[in-house]
Structure formats: C-alpha cells, structure tokens
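The primary structure of each chain is shown beneath.
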Amino acid sequence: MSIMRLLLIEDNPRLAGLIRDGLQGQGFAVDWCGTIAGAEAAQKVNSYDLLLLDLGLPDGDGLELLRTVRRRKDATPILVLTARGGLDDRVSGLDAGADDYLVKPFQIPELAARCRALMRRPGAALGTILACGNVMLDTVERSITIGATAIEAPPREVDLLEHLLRRAGHVVAKAALENSLYAMDAEVTPNALEAVVSRLRKRLGSAHADVTVRTVHGVGYALLAPLAAPVATQAENA
Amino acid sequence: MPERSGTGPSLFRQIARRLLVFTLIFALLDVVIVLVTYARQPESLAQELLGLEARRVAVIDDPINAVPLTGMRNFSARFVQPDVDDDAVLIDWTRREQIEGGYRISGVRALDDGDDPRWLFLRFDAIGIRPFLPVIRNELIEHVALPLVPLAGLLLLFNIVSVRRTLAPLRRAETEVDGLDPQDMSLRLTMPSQPREVNTLVRAGNRALARLEASVLTLRDFTANAAHELRTPLAIMQLSLERLPDGPIKSDLQTDADHMTRLVGQMLDLAQADALVVDESVVVDLAAVGRAVVTQLAPKSFVAGRELRFSDHGGSMIDGHAEAVFRIYRNLVDNALAHAPGATPIEVSAGPGPQLAVRDHGPGILAADQPHLFERFWRNNRSSADGAGLGFGIVKRLVDAHGGTIVIETPEGGGALFRVEFPNAAATAG
Chain A
1 MSIMRLLLIE
11 DNPRLAGLIR
21 DGLQGQGFAV
31 DWCGTIAGAE
41 AAQKVNSYDL
51 LLLDLGLPDG
61 DGLELLRTVR
71 RRKDATPILV
81 LTARGGLDDR
91 VSGLDAGADD
101 YLVKPFQIPE
111 LAARCRALMR
121 RPGAALGTIL
131 ACGNVMLDTV
141 ERSITIGATA
151 IEAPPREVDL
161 LEHLLRRAGH
171 VVAKAALENS
181 LYAMDAEVTP
191 NALEAVVSRL
201 RKRLGSAHAD
211 VTVRTVHGVG
221 YALLAPLAAP
231 VATQAENA
Chain B
1001 MPERSGTGPS
1011 LFRQIARRLL
1021 VFTLIFALLD
1031 VVIVLVTYAR
1041 QPESLAQELL
1051 GLEARRVAVI
1061 DDPINAVPLT
1071 GMRNFSARFV
1081 QPDVDDDAVL
1091 IDWTRREQIE
1101 GGYRISGVRA
1111 LDDGDDPRWL
1121 FLRFDAIGIR
1131 PFLPVIRNEL
1141 IEHVALPLVP
1151 LAGLLLLFNI
1161 VSVRRTLAPL
1171 RRAETEVDGL
1181 DPQDMSLRLT
1191 MPSQPREVNT
1201 LVRAGNRALA
1211 RLEASVLTLR
1221 DFTANAAHEL
1231 RTPLAIMQLS
1241 LERLPDGPIK
1251 SDLQTDADHM
1261 TRLVGQMLDL
1271 AQADALVVDE
1281 SVVVDLAAVG
1291 RAVVTQLAPK
1301 SFVAGRELRF
1311 SDHGGSMIDG
1321 HAEAVFRIYR
1331 NLVDNALAHA
1341 PGATPIEVSA
1351 GPGPQLAVRD
1361 HGPGILAADQ
1371 PHLFERFWRN
1381 NRSSADGAGL
1391 GFGIVKRLVD
1401 AHGGTIVIET
1411 PEGGGALFRV
1421 EFPNAAATAG
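The listed protein sequences correspond, in order, to chains A and B. Going by my numbering, the letters in the first sequence line up with residues 1 to 238, in that order. Going by my numbering, the letters in the second sequence line up with residues 1001 to 1430, in that order.
By construction, these hints were calculated from the structure, which means they are not laboratory data. From the three backbone atoms N, C-alpha and C, an ideal C-beta is built for every residue, glycine too.
To be clear about the criterion: a stretch of chain B counts as covered by chain A if any three or more of its residues have a C-beta under 8 Å from a C-beta of chain A, and this derived list gives those stretches:
(1) 1220 to 1231
(2) 1294 to 1306
Here are the computed lysine to aspartate or glutamate pairs in the EDC-like style, where the Cα-Cα straight-line distance is at most 20 Å:
(3) Lys1300(B) to Glu110(A)
(4) Lys1300(B) to Asp210(A)
(5) Lys1300(B) to Asp1258(B)
(6) Lys44(A) to Glu64(A)
(7) Lys73(A) to Asp100(A)
(8) Lys1300(B) to Asp1256(B)
(9) Lys1250(B) to Asp21(A)
(10) Lys174(A) to Glu1307(B)
(11) Lys174(A) to Asp1285(B)
(12) Lys73(A) to Asp49(A)
(13) Lys1250(B) to Glu110(A)
(14) Lys1300(B) to Glu1242(B)
(15) Lys1300(B) to Asp1252(B)
(16) Lys202(A) to Glu157(A)
(17) Lys202(A) to Glu152(A)
(18) Lys174(A) to Asp159(A)
(19) Lys174(A) to Glu157(A)
(20) Lys73(A) to Glu40(A)
(21) Lys202(A) to Glu162(A)
(22) Lys202(A) to Asp159(A)
(23) Lys174(A) to Asp1312(B)
Ranges of calculated distance between the beta carbons of each label pair, as one might list FRET restraints:
(24) Asp1279(B) to Arg72(A): 29 to 35 Å
(25) Pro1352(B) to Ala195(A): 26 to 32 Å
(26) Asn1206(B) to Arg67(A): 38 to 44 Å
(27) Lys202(A) to Ala1288(B): 30 to 36 Å
(28) Asp1256(B) to Ser47(A): 37 to 43 Å
(29) Gly60(A) to Pro1352(B): 47 to 53 Å
(30) Gly27(A) to Asp1279(B): 39 to 45 Å
(31) Asp138(A) to Ala1288(B): 32 to 38 Å
(32) Ile151(A) to Gln1370(B): 52 to 58 Å
(33) Gln1370(B) to Glu40(A): 53 to 59 Å
With the sequences and hints as input, model every part of the structure.
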C-alpha cells in the first residue's frame, strides 16, 4: 500500500506541527506550508493525494486557492479545516469545490478518518484492506477475517460489510445500501435488507467479532468499533 | 401590552389649566373695567336700578304692597296714567338726588303689557352700595360672563382638537418605539413632516437608534470574532492533549477542553443565529435534515450507550434555512442526550406537515422551568457543567427567524417532547 501524501496549508505553525505529527502517526506523509503562494509552489513540485486547507491565510482567503485549484480542473480532494462555523460557511465552502469541511477544534482520529474517506472516493486510490476492530475485509479477494480466522459469507453479506466498513463509525443510509445490494434485482421485498443485516450480525457474533452493527431506526445502519477504542465521531459544529 | 399611562399631567390638561387661569384673569379685568365704568357714571347706575326695580314690582298686583330690598327706605310705588286722552304716553325718566348716606332715586318706567300700556312710578332712598348689588350683578353677567364663557368653551374645544392633532405624530412614534425589536436593529421611526418639534425629536431618536445599532452590531461581531479566534488555540490545546500519556489527568483535561469547545461553539452559534435572515425561497425537507442529524449524532450517542430513532410522518417541506433547521434539531437532540437517562431512546421526527419534534424519555420539563427554558445562560441546575444554557436560546432564535413556534409537551408515558412548528409549508410542486 503506497503512502498517502497530503499537503497541509495552515498558517499557525504550532497547530500545523501538531496536525502533521498526528497524521504522520496515522501513516500519512504530510508536507506543510503556511501561505497560498507556498501551496502553489509545493503543488508544482509534488503531486498530492489530498489538500488540507485552512481558510484564513496571511496572503489571502483559502476559498480563493480552492477556486484556483478547481479552475484548472484539478480533482485532488480538498478538505477544508476552518475556525469558521457559520450558518452559511459550510455551504459556501462546499460550493467553492471543497470535498469536506471540518470545523476546528477536531481530533486527529476524526481528521484521519475524514482524509481516508475522501481518498476512498471514486477517482481516488482505493485501499484493498478494510479493517475495524478485529474484522478485516479484503475488497479484492472478497474474504473476511475475524481475529486470525477466515470465515465464509455469501456475496451479499460481504457487500454489506464492505459498505459498513468503508463508513465505519458512521451511519450508512438504508436507501444507499438497498440501491447497491439490489441493483440488479427486479424486486426487493421491504424486509430484504433487514434480513441480510440480521444474518451478517449473527455471523459476526458467532465468530466473536468485536464490532457491532447497530440499527438507526428510520435512517440506516452503522458499524461500530469496540468501545474501548472508539472511532472518533465528535464532529463539532459540522 | 406595555405600560401606556405615563406620569405627569397630559399636555391637554396643562393647556386647559392655563387657559382657565387666563380666562379668570381676563374676567377679573373685565369686572374691574365694569366697576370703574359705573363708578364714573353713577347716573346710569341709578337708571339701571330703577328699571330693575320696576320689573320686579310690576309682577305684583298692587305695587303698594311691594317689599323694599335691603338698604332701601321710603319705598313707594304706584301705577300712573297720563291725564289727557288715551293716546298719550309718559316718558321714562330718572332722577337722582344726594341725601344723607346715599341717594334718593325716583322716576317712571313704561311697562310693556301689550295692548294696555301702563306706567309705574317709583321712588326710594338707596342707602349704601347694597341696593345696587343686583344691578352690578346683572351688568357683570351681561358684560363679563356672557362673552367669556362661550369663548372659554371654544378655546377648550380648540385645545382638545389641536392637542390631539399635534400629538398624533408623537403617538405614532410611541407605537413604533414599542414595536422596536432588538433582533432587527435596522428599524427606524417614521419621520413626521410636521410639527417641526416632533420631527426633530423623532430625528434625534433615529440618530440614537443608529448609534445603538452600531454598538449592538459591534458587540455581536465581537462575540463572533472572539469565539472564532478561540477555536485555533482550542484546536492546538486539544491536539496537544492527545499527545499526553493516557491517565486520569489527560481524560479530565480532555473533558474540560471538550466543554470549552462546546461553549465556544454555542457562543458562535448564538451570534450567528442572531444575525440569521431566512430566505424564504429556499425549500428545506425537514425529513432529510432530520435524517442527516440522526446520521451525524447516532454513532456518538451509541458510543455513549444511547439510541437515536428517526421517523418521517410526511409532508414536511418548508421554506427555510437548511443549516438553521439542522442546528434546531441538533441542539434539541443534544439537550435530550444530556438530560434523559441512559438506555432510553430519543425519538426524532419530521411531519406530519411543516413541523419537527424531538422526544426523550427523561424526567420531563417542570412547569415552573418552562418560562425560563429559552432564556440565555439559564440552567435548571446551575452546578451542571454541561453546556452554557445557550442551546435553547439558539433554538428559540432560529425558530423565531423562521417565524415558527416551539412548544414543550408532556407526552403519554412521560419525558419531554419539543415540537417546532413552521408557518411556511413549501408550495408543493405537483
């Protein structure tokens, strides 16, 4: 697995240092610059898998850099890190071409999870091994390993697990799961998805998986890591 | 309704009182003039007195029996006829002679009895001023009271009309001042074209409003800027804390930092909520926003051992601001997470129609607490370290900006149910 290379554009050196150290600890390679000019120079030299962009920069507004990048048809994912959490800031940030928006302060696991999620998007490099707790899924081999034991599962349950693992710690909408699981089927009974979830739950449980599949009534399902090592989901003021 | 009755006398009363004093002074002056006039012409006073006495005596069948007034002596009265033929007439005459202590007055007055003319001869001694008093009284009524009373009445009427008319712009300004809203500092009073005095007062009021607006906006901006500036150091603090070795000190500090983060976020949210203007052309699906809120908060609440449920009752499209609706939901859910006990579900719903609701199975809201619930910085338990008591203030402000209402209900089975109703159901396109 190649190391993901990020460019961090943040003018506060102390905060930048902490973010860089934190992300390096999570397995990312991080370059840092403190100005828009510096960011443009760095992008000419290197190509990055992701830009982490602070909006208030000494030589201009980060949104301007965002528009410049998008104007030259550069599809590099951009995650905006900002102290602005206004009612319309998120929308204007996303409108300007940001892929995600994270309001300060945040925690490194949350930031790392968002970065990975962005890089898993179509068009970005896909990881082949998905893991949460003691559950691992090889997306190419379609094989599930729990702890050290490989287990067998029907394709539909593997697909479901993949979707949940990709958004581990987050709720995946029922509609999205139904669409991808039954894309080919002419008819879907209302409880078909529930049945698959229930079978997957039993299978994970009997294999002593430490993750849980929770139902969020009226919305969808979420795969949760064991409580001892929670996936940070404290999205403040998102 | 604000207190309408001010203190101090009304302008109408002040003017009326002054008019009355003015009229009295005028009347007094008039009296003096009348008295001086008669003092200079005692002749005409005698004439008037004789005429008055003649009219008094004439109604008695036999004038001989007439009782003289106080201060009159040697009173005699009798009818007289001309000595010649029937067509003759007698001329009115008056004679006044000075006697000891007064005047002797005598004379004839014609009595107009229609077809039968009669003449009365009178003679009496008027001692002192007393007999003249009725004359003077009559003269005062005729020359002072008769002209002045209607004049005073007219002035009073004029006073009522003109005061009411002059003060109409002031009354309108008063209504407008009562209608001023701290949320909308751009409101100004309507400038009356006249009177100039009211115009200048209203103008001064508007200048004061402009200064107030500037300072309120400065304060609001300051809150927003301060909260905003605090976020970067908070981020640094949180990330530094993560690098500490695990232990009770680290987790305590992290709790404190989380609390502070929440406070700063709420202050910023509130400042933004105060400045929110809802563009009514944007359609928001309450169900979609409710799902997004549950999607975002469910993992966090699962970690805390809590459960969030969502149900869609349909028809919940409104004209509004999606991010604001998101924050209404989120603050209500945050409150439920904070106050309802563990293991009880929190039910989030949208519809039916333009409304949303969040219901918990906690202890409910005491009736005594309900009026304070939406006050900023109010908490029912001041020692509670959870939040700053701004959550409901934010909700209230965001709901107000939509022109909606929020009600607290106690559903069957206990707990609290917060229902937000929006006035603007979106026009359904087909």
